[in-house]
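With chain A fixed as given, assemble chain B onto it according to the hints.
Those protein sequence lines, which keep their order, are chains A and B.
Okay, so the first sequence: first residue is 1 according to the working numbering, each after it adds one.
Okay, so the second sequence: first residue is 1 according to the working numbering, each after it adds one.
Below, computed lysine-lysine pairings styled on BS3-like, alpha-carbon distance capped at 30 Å:
id	chain 1	residue 1	chain 2	residue 2
1	A	58	A	71
2	A	49	B	57
3	B	97	A	71
4	A	49	A	61
5	B	97	A	61
Everything labelled a hint here was simulated from the structure, so no lab data went into it.
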Amino acid sequence: AQSVSQHNHHVILSEAASLELGCNYSYGGTVNLFWYVQYPGQHLQLLLKYFSGDPLVKGIKGFEAEFIKSKFSFNLRKPSVQWSDTAEYFCAVMGSSGGSYIPTFGRGTSLIVHP
Amino acid sequence: GAGVSQSPSNKVTEKGKDVELRCDPISGHTALYWYRQSLGQGLEFLIYFQGNSAPDKSGLPSDRFSAERTGGSVSTLTIQRTQQEDSAVYLCASSLKYMNTEAFFGQGTRLTVV
Numbered sequence: 001a002q003s004v005s006q007h008n009h010h011v012i013l014s015e016a017a018s019l020e021l022g023c024n025y026s027y028g029g030t031v032n033l034f035w036y037v038q039y040p041g042q043h044l045q046l047l048l049k050y051f052s053g054d055p056l057v058k059g060i061k062g063f064e065a066e067f068i069k070s071k072f073s074f075n076l077r078k079p080s081v082q083w084s085d086t087a088e089y090f091c092a093v094m095g096s097s098g099g100s101y102i103p104t105f106g107r108g109t110s111l112i113v114h115p
Numbered sequence: 001g002a003g004v005s006q007s008p009s010n011k012v013t014e015k016g017k018d019v020e021l022r023c024d025p026i027s028g029h030t031a032l033y034w035y036r037q038s039l040g041q042g043l044e045f046l047i048y049f050q051g052n053s054a055p056d057k058s059g060l061p062s063d064r065f066s067a068e069r070t071g072g073s074v075s076t077l078t079i080q081r082t083q084q085e086d087s088a089v090y091l092c093a094s095s096l097k098y099m100n101t102e103a104f105f106g107q108g109t110r111l112t113v114v
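So that you can see chain B by itself, here it is in the shape it has in the complex:
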């Protein structure tokens, strides 16, 4: 497809379970971002991948959160031992590597921890 694709669109999980969220960026985009959107809190940066460079993990809120990007394309965000405060919409975006470019967002995954 032409846009950023995320799956699943909705995920309900029990507290303590692990979840995996998937992102397919736009073909040819070397930069990939994960953000978390909570009600009234705007977009919180989580992690950034740029080509083959080491990812910028400075936004990950705890060691329960991790992400990988395979082959410079698809990315998976994993949350281990989910907590209720992890409930949010997780957004993925991709862009070209260089400055003077915008990020394109997917529809997001709405995660609900019960």
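Extracted from the complex, chain A is given alone in its bound form:
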């Protein structure tokens, strides 16, 4: 079975501060990894994804994440946050299990950025 752990449940930052949100997963096989974002009142949307290749992936709005296979981690980073980054962030893993591809999500991290 696959699982995802997000270490930070609530993060409060000031604008221009750097951001790193932790995500660790548990799965023994090949995985796809995702970060989704949910802005207030909006639906979940994809921020970035890792399928294969370069472990450093870049997403929208200046976000990036690094896949470290040895640590089963996929941390999200942004060098300088903006007030508009205030949102809920979800890490997800999708592994191949008998032909089913079901994303498993972490509990989410609530990010508040003060102007």
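Same frame as chain A, but now just chain B:
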């Protein structure tokens, strides 16, 4: 439309009543998922449809929950004899069948059981 569409957007029902939630996936997407999002609990997987294969119902919390997908497209999630603990946002997502693809989410249905 281009995205996943869910209806209704909000539903208030009395305890003990049955409710039906609808999901229209993105055209051409063969995989469809239902999740439940409760405050502070993240996304809880409920059920997964993949093409014409038997659905994966392993996430359904009780036999009061059921779902069907007609013609490989529209899906309906039914909750019978609703309880207050069923109150949550029910999210539908669709994706292509294969690995190396992401799920696209609808806006969700906020269910409140009073």
